[in-house]
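With the hints as your guide, set chain B onto chain A.
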Amino acid sequence: MKSYATAVVASLLALVSGAAFAHHSFAMFDQNETKTLNGTIKEVQWTNPHIWLQVWVENPADGKAVEWSIEGASPNALIRQGWKRNSIKTGDKVEVTIHPLKNGDNGGSLLRVKVDGKVVGGRA
Amino acid sequence: MRHGLACLAGLALSTLLSGAWAQTSAPLFEQPSAAQTNFTGKWAMPKTVTHLITADGREPPLNAAGKTEYAHRQSALRSGDRKIDPVSDCLMHGVPRLLYAPYPFLILQTTRSVNFVHEVNHTFRIIYWDKALPEDPDPGYLGSSIARLEGRTLVIDTVGFNDKTWLDYSGLPHGEKLKVQERYTLQNADHIDGTIRITDPDFYTTSWTTHFVLERQPGTALKENVCMDTHRM
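Protein chains in written order, with our numbering: chain A, 53 to 176; chain B, 137 to 369.
Don't read these hints as lab results, they were simulated from the structure. All values reported here derive from a predicted model rather than from experimental measurement. Certain hints may be false.
Unchecked claim - Cβ-Cβ distance ranges computed for the label pairs, FRET-style:
# : chain 1 : residue 1 : chain 2 : residue 2 : range
1 : A       : GLY169    : B       : ASN199    : 51 to 59 Å
2 : A       : VAL167    : B       : HIS347    : 35 to 43 Å
3 : A       : ASN90     : B       : PHE260    : 42 to 50 Å
4 : B       : GLY355    : A       : GLU95     : 29 to 37 Å
Note that the Cβ used here is the ideal one computed from N, Cα and C, for glycine as well.
Just chain A, same shape as in the assembly (with noise of 0.2 Å):
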């Protein structure tokens, strides 16, 4: 029951941050894991043909930061469903929900990323 209210919730989420539009092959997340994070944007690439967040994260074994790549949908998509370019910033505090990586690597598919509290788009 719990894997498959998360699986809904994937891909509502996935169909609001534009990763429902995820082309190339996202065969190397995991679709069925999702996982939220907490940092600091250290990097925003706005690019074809998917956007770029480059993300400090505190590691909770050390505090340390790591800094971690998640792939988002590409720069038209999102512009369709209301982000702007600048919309997220460096410096930023977000919280991302992703796909990780399936080989355990500090990376994921966005599925959606808040500033301050608010989702960045959101419109379905």
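Below, chain B alone, put in the same frame as chain A:
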């Protein structure tokens, strides 16, 4: 006086020429008549399809060479190596992969040609009506296409592909012998039902057909999309 005569001669000449032009040339690009099936509009797939399957729900009929190549590509993609995908180098999406790119496109239908204007990497196809397929086309990313109407169905036949594109986002292979037939049927004003028939004896044991749908995208303006610009896979 001489200047005035020259002007008059020039005017007469240009009138003669424009009159001749109007008489010998049909209007080049006209809207279809109101009675004609008209596919003009902005279209997109309602949801992403990264892997083509046959119309009866099976895996495409890859032959031995096809299976080997497909397995190689799939393995690379699963391990995160997207460089194997030609669009990672901003090479053009081919046909039918253009339809599956998650960007809208414009179909602009005229009496002379049906034109696909794809947002993805600013790609276009100009496809002329009722011509014959070329016998020995130069291989290209988009091939050489011709269009015709069968009742309310737009039929596009394409030959002359190079081998530098993938059929779909999962890496289905094709070679230069590829022939593609696209069929678009307007179900109602906002919905196209379509099929794509793939024939390529280099990689498939038999021809096969896949099904797709398109939905009209009212209020969508095509945006610039330049793959090479700040590109990161």
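So, going through the hints one by one against the coordinates:
no.	hint	in the structure
1	A:GLY169 / B:ASN199: 51 to 59 Å	holds (55 Å)
2	A:VAL167 / B:HIS347: 35 to 43 Å	holds (41 Å)
3	A:ASN90 / B:PHE260: 42 to 50 Å	holds (45 Å)
4	B:GLY355 / A:GLU95: 29 to 37 Å	holds (33 Å)
Hint compliance for this structure: no hint is broken.
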